[in-house]
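Novice: Below are the chains, spelled out letter by letter.
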Amino acid sequence: MLRLEKVSKVYKVGTFGGKELHAVNEVSFDIKDGEIVSLIGESGSGKSTIGKMILRLLSISSGRIWLDDLDITTIGKGELKVYYRKVQGVFQDPFSSYNPIFKSDRIFEILHSEFYPEMKEDEWRGKVITAIESVGLHPDSVLNKYPHQLSGGQLQRFLIARALLLDIQVLVADEIISMLDASTRIEVLDLLADLKYRGLSILFITHDLSLANYISDQAVILYRGYVAEMGATGKIFENPLHPYTKMLLASVPRLDKKWEKAQAELSATQPASTGGCVYKDRCPVAEKLCASYTPKLTEIQDDHYVACIHYEGG
Amino acid sequence: MKTPKKKNEFLYFALGNNKLKIGLVILLFFITLTFIGPLLTDYEPLDYIGPAAVPPSSEYWFGTTTFGQDVFTQFVYGLKASFLVGIIGGGLGTLIGILVGFTAGYRGGIVDEILNMFTNIVLVIPTLAVLLIIVAYLEVRGLLIESIFIGCTTWPWAARAIRAQTFSLRTREFVDLARLSGMRSLKVIFGEIAPNMMSYLLLVFILQFGGAVLIAATLDFIGLGPTEAMSLGLMMNNAVLWGALILGIWWWFIPPGIAITAIVGSLYVMNVGLDEVFNPKLREM
Amino acid sequence: MSLQVENLTVYYQTLHGDVRALDGVTFNIDDREIMGLAGESGCGKTTLGHSLIFLKLPMRYVEGRVLLDQENLPVWDMDRMNDFRFRDISIVPQYAMNAMNPTRKIGRMAAELLESRDVSYKNKLTELKRRLDLVKLSHDVLDMYPIELSGGMKQRMVMVLSTLLDPSLLIADEITSALDVASQKAVAEMLVEFRDREIVKSMIVITHDISILYQIADSILVMYAGKLAEKASTDVIIKSPRHPYTQLLISSLPEVGVRYTDKRLLGIPGNPPPLINPPSGCRFKERCPFAFEKCSEEPPFIEVARGHSVACWKELEGDA
Chain A
320 MLRLEKVSKV
330 YKVGTFGGKE
340 LHAVNEVSFD
350 IKDGEIVSLI
360 GESGSGKSTI
370 GKMILRLLSI
380 SSGRIWLDDL
390 DITTIGKGEL
400 KVYYRKVQGV
410 FQDPFSSYNP
420 IFKSDRIFEI
430 LHSEFYPEMK
440 EDEWRGKVIT
450 AIESVGLHPD
460 SVLNKYPHQL
470 SGGQLQRFLI
480 ARALLLDIQV
490 LVADEIISML
500 DASTRIEVLD
510 LLADLKYRGL
520 SILFITHDLS
530 LANYISDQAV
540 ILYRGYVAEM
550 GATGKIFENP
560 LHPYTKMLLA
570 SVPRLDKKWE
580 KAQAELSATQ
590 PASTGGCVYK
600 DRCPVAEKLC
610 ASYTPKLTEI
620 QDDHYVACIH
630 YEGG
Chain B
3 MKTPKKKNEF
13 LYFALGNNKL
23 KIGLVILLFF
33 ITLTFIGPLL
43 TDYEPLDYIG
53 PAAVPPSSEY
63 WFGTTTFGQD
73 VFTQFVYGLK
83 ASFLVGIIGG
93 GLGTLIGILV
103 GFTAGYRGGI
113 VDEILNMFTN
123 IVLVIPTLAV
133 LLIIVAYLEV
143 RGLLIESIFI
153 GCTTWPWAAR
163 AIRAQTFSLR
173 TREFVDLARL
183 SGMRSLKVIF
193 GEIAPNMMSY
203 LLLVFILQFG
213 GAVLIAATLD
223 FIGLGPTEAM
233 SLGLMMNNAV
243 LWGALILGIW
253 WWFIPPGIAI
263 TAIVGSLYVM
273 NVGLDEVFNP
283 KLREM
Chain C
80 MSLQVENLTV
90 YYQTLHGDVR
100 ALDGVTFNID
110 DREIMGLAGE
120 SGCGKTTLGH
130 SLIFLKLPMR
140 YVEGRVLLDQ
150 ENLPVWDMDR
160 MNDFRFRDIS
170 IVPQYAMNAM
180 NPTRKIGRMA
190 AELLESRDVS
200 YKNKLTELKR
210 RLDLVKLSHD
220 VLDMYPIELS
230 GGMKQRMVMV
240 LSTLLDPSLL
250 IADEITSALD
260 VASQKAVAEM
270 LVEFRDREIV
280 KSMIVITHDI
290 SILYQIADSI
300 LVMYAGKLAE
310 KASTDVIIKS
320 PRHPYTQLLI
330 SSLPEVGVRY
340 TDKRLLGIPG
350 NPPPLINPPS
360 GCRFKERCPF
370 AFEKCSEEPP
380 FIEVARGHSV
390 ACWKELEGDA
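Taken in order, these protein sequences are the chains called A, B and C.
Under my numbering, the first sequence has 612 at position 293, and the numbering climbs by one with no breaks.
Under my numbering, the second sequence has 258 at position 256, and the numbering climbs by one with no breaks.
Under my numbering, the third sequence has 162 at position 83, and the numbering climbs by one with no breaks.
To be clear, the hints were calculated from the coordinates, so they are not data collected in a lab.
Warning: the hint list may mix true and false statements.
Below, computed lysine-lysine pairings styled on DSS-like, alpha-carbon distance capped at 30 Å [unchecked claim]: (1) A:Lys565 x C:Lys342; (2) A:Lys371 x B:Lys82; (3) A:Lys422 x A:Lys325; (4) A:Lys576 x C:Lys342; (5) C:Lys318 x A:Lys577; (6) B:Lys189 x A:Lys400; (7) C:Lys318 x A:Lys554; (8) C:Lys342 x A:Lys351; (9) A:Lys331 x B:Lys189; (10) A:Lys576 x C:Lys184; (11) A:Lys515 x C:Lys342; (12) C:Lys342 x A:Lys554.
Where chain C lies over chain A, by a calculated footprint (3+ residues, C-beta under 8 Å) [as the list claims (entries may be wrong)]: (13) 321-330; (14) 390-396; (15) 418-432; (16) 436-450.
Over the 12 Å line for every Cβ pair with chain C, so calculated as not near, a few chain A residues [stated by the list, open to error]: (17) Glu339; (18) Glu361; (19) Phe556; (20) Glu557; (21) Glu579; (22) His623.
Cβ coordinates follow ideal geometry from the N, Cα and C atoms, glycine included.
Could you build all of it, start to finish, from the sequences and the hints given here?
Specialist: Structure (structure tokens):
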């Protein structure tokens with residue numbers, strides 16, 4: 320199980336690093352074994368930052384991250400390499416994920432020399448072919464090619480095969496299908512579902528609510544670095560509680576019904592948060608107290624939490 | 003679907019690029035002259051071999067100096083010196099620029115700030131003053147010292163440029179994936195980032211080379227160059243010192259002047275051409 | 080009828096040959112119609128949008144006719160098209176909101192744009208302000224730099240500028256892709272508002288996101304590999320499409336509320352054909368579950384029901 324405990328990310332900005340930018344604020348959630356958790360948020364929500372902190376590509380400003388019993392928050396190079404055998408990532412842009420001057424197979428070669436240096440060439444090749452086939456690709460049509468000769472969908476699945484080669488526990492999938500065409504997305508999504516049945520935990524970072532609802536068991540809805548609502552996906556979508564979640568569900572274009580003629584809210588540039596609830600400037604039901612009080616996550620139903628003053632106080 | 007390999011694509015554009023071709027031809031001409039030249043002459047640059055200040059003739063192809071030295075001999079040996087300074091000085095400058103630029107660009111943070119400060123200090127040092135001091139202490143100087151000096155003072159812009167490129171490449175996802183594979187930083191820089199920048203590094207070197215040749219010629223011309231070698235700049239220095247301008251001994255300073263202009267110019271033109279070859283957006287269909 | 084496109088063919092010149100990005104495209108758009116142009120990457124929708132207004136290298140005009148309000152549009156002639164651009168036909172290109180000069184205040188940029196079209200900024204200022212009210216932008220925006228505006232605000236600004244001279248046809252190329260959900264809705268609804276207020280007569284909305292089209296478009300034109308697959312009213316395309324590609328495309332879209340445990344979505348295995356030497360016959364036949372012998376011949380794009388055209392032999396051979 321992967322657990323985040325009050326994880327925050329603070330950047331120093333401004334001249335001489337005087338000001339602080341809080342990209343992520345005391346976020347806590349778990350990813351249990353064989354579970355798909357979607358981290359839903361728009362740009363600026365901090366979702367990619369959380370993904371990168373889990374992968375230790377960014378340092379963690381405060382809080383802790385645990386993989387089972389191991390606290391990985393501050394482990395060093397040697398232990399990190401052991402960690403990377405268990406946790407890997409796939410990112411948004413398939414074409415940017417490959418070094419364009421090398422063949423795409425190189426990503427496997429790197430794993431060979433870094434993690435399995437003693438393994439013989441033939442044995443390694445066998446492993447690679449198994450991994451490629453397990454993601455639904457034909458080895459002959461994808462091996463020994465340059466990245467620009469493969470399609471986005473093939474490249475993403477190639478990257479998943481790479482992660483599988485290490486026999487990982489957790490996969491961080493950061494917007495991995497948003498740059499793919501609608502028809503190729505499904506192949507990758509269904510692959511994720513299959514992997515889940517084989518015991519893999521997946522953190523599915525996305526801004527697309529319908530995809531999150533389609534694939535995930537648990538959902539965490541982020542707004543500007545804070546958790547607005549989280550819990551079982553079905554419960555959140557059937558019964559959205561936080562004003563932000565409600566707004567998201569009402570604004571997402573759907574194929575089964577038209578938008579309500581309600582006034583679409585038009586946001587100005589976001590000023591830095593001035594304390595209190597971070598959603599107050601856009602919230603239709605904000606109260607005076609919201610300017611000074613930051614709500615905490617409260618359990619409303621079994622496995623359904625929300626951080627909003629309207630649901631607090633018993 | 004058939005796609006030609008990347009190498010073929012570059013070759014195709016390289017062969018079709020006029021700037022590259024012209025620049026290369028001029029450069030190769032002078033390089034060939036450097037190698038063949040000494041074989042075509044029996045003299046040494048400083049030998050007194052004939053009558054003073056004789057204009058070019060079939061016997062003395064570039065004429066003679068006011069001391070009766072063969073200008074052609076001086077010229078071809080001078081070419082060799084200029085190229086040597088270009089390679090050593092330009093190469094050293096590129097090397098330092100690479101080391102500083104990659105480190106600052108990849109590590110970022112405090113390392114970047116320290117290296118930036120260092121780069122700025124070197125930029126601000128009055129190099130001419132330092133050179134005058136060096137010259138005062140070293141009465142006898144060789145090409146090597148001059149090359150090292152040039153290399154150590156011209157690297158800042160290369161470091162800046164390489165740092166900027168490294169910064170932008172560093173945020174690409176394949177670098178993240180390399181880190182996720184447990185690669186050490188050094189291996190990431192030289193295994194993943196640098197190969198992507200090969201064309202850029204080549205361009206940097208070409209500019210450093212050209213710059214070094216030009217600076218060396220300037221320094222030689224004002225007398226701060228090596229005492230122990232004949233160079234194109236030195237030829238021009240001597241020519242002016244010994245009244246070639248007044249006496250009309252044009253064959254003494256015109257050939258070296260043209261050579262320097264042509265070499266440096268052709269390098270810069272090649273640079274522009276190569277940029278077009280490597281950067282698809284600059285090409286025209 | 081607002082726009083008539085006949086047999087428009089535009090290729091891309093490349094080192095390896097001509098990419099047949101747009102191959103003999105014919106369709107019409109009525110007055111007041113918002114037509115969505117949908118398809119996946121490489122289908123030719125952006126090429127179509129751009130060739131109507133800005134056909135420049137590496138695009139190459141091959142053949143075809145374009146009529147806007149019954150007048151011939153010389154799309155192949157960049158200079159002559161200058162008279163039509165902005166006044167009769169206008170475009171909001173992809174990434175327009177990021178293409179604004181960061182060192183110019185918005186008002187100054189608007190003035191420069193208008194002056195370049197020989198329109199006096201002063202004369203248009205009142206109308207400009209009225210349009211800003213329409214898109215709910217404060218007049219102060221004219222005094223700000225692009226960096227001070229959010230994505231949604233910039234996009235609305237670009238829309239106002241592109242439509243200031245009341246063009247007959249507006250082409251909107253992926254204008255909602257880079258926006259957050261709330262801004263997306265606002266901008267999309269703004270497009271409809273512009274049409275309702277007769278600022279613009281008709282629109283082509285290019286996007287890969289069909290659900291946005293369901294919300295605002297009257298009709299949808301689906302493209303595949305440089306050719307037209309199907310055109311019909313929005314409801315028909317979504318609820319009862321007839322081209323196999325459209326059917327598969329619609330069924331690959333997840334709906335809010337449906338989980339994979341309930342109903343597995345189907346994608347379309349395979350990839351679109353390369354357009355340098357496209358296969359003869361129907362370009363979808365390799366991936367089509369219904370392909371049969373006739374498909375090796377190219378199907379014509381024909382009206383099979385009122386306002387509903389398809390290019391598919393299965394549909395033309397007469398089964399419902």
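Novice: So is A:Glu361 really clear of chain C, every C-beta pair being over 12 Å apart?
Specialist: Its Cβ does come within 12 Å of chain C, the nearest being 4 Å, so this is violated.
Novice: Taking only the CA atoms, is the gap from A:Lys371 to B:Lys82 under or equal to 30 Å?
Specialist: 54 Å, violated
Novice: Does B:Lys189 sit within 30 Å of A:Lys331, going by the straight-line distance between their CA atoms?
Specialist: 29 Å, holds
Novice: Are the Cα atoms of B:Lys189 and A:Lys400 separated by 30 Å or less?
Specialist: 15 Å, holds
Novice: Looking at A:Phe556 again, its CB stays over 12 Å from all of chain C?
Specialist: 6 Å, violated
Novice: With the threshold set at 30 Å, check whether the alpha-carbon distance from A:Lys565 to C:Lys342 stays at or below it.
Specialist: 25 Å, holds
Novice: Verify the proposed pairing of C:Lys318 with A:Lys577, using a straight-line Cα cut of 30 Å.
Specialist: Within the cut-off at roughly 14 Å; holds.
Novice: Report holds or violated for chain C covering the segment 321-330 of chain A, Cβ cut-off 8 Å, minimum 3 residues.
Specialist: violated (count 0)
Novice: Holds or violated: A:Lys576 with C:Lys184, Cα cutoff 30 Å?
Specialist: 40 Å, violated
Novice: Starting from C:Lys342, check that the Cα of A:Lys351 is at most 30 Å away, please.
Specialist: 24 Å, holds
Novice: Closer than 8 Å Cβ to Cβ for three or more residues is the test here. Does the segment 418-432 of chain A pass it with chain C?
Specialist: Our answer is that it is violated, as 0 residues pass the Cβ test (under 8 Å) against chain C, missing three.
Novice: Please verify whether C:Lys342 and A:Lys554 have alpha carbons no more than 30 Å apart.
Specialist: OK: C:Lys342 and A:Lys554 at ~18 Å, within 30 Å.
Of the numbered hints given earlier, the model fails hints 2, 3, 10, 13, 14, 15, 16, 18, 19, 20 and 21; all others are met.
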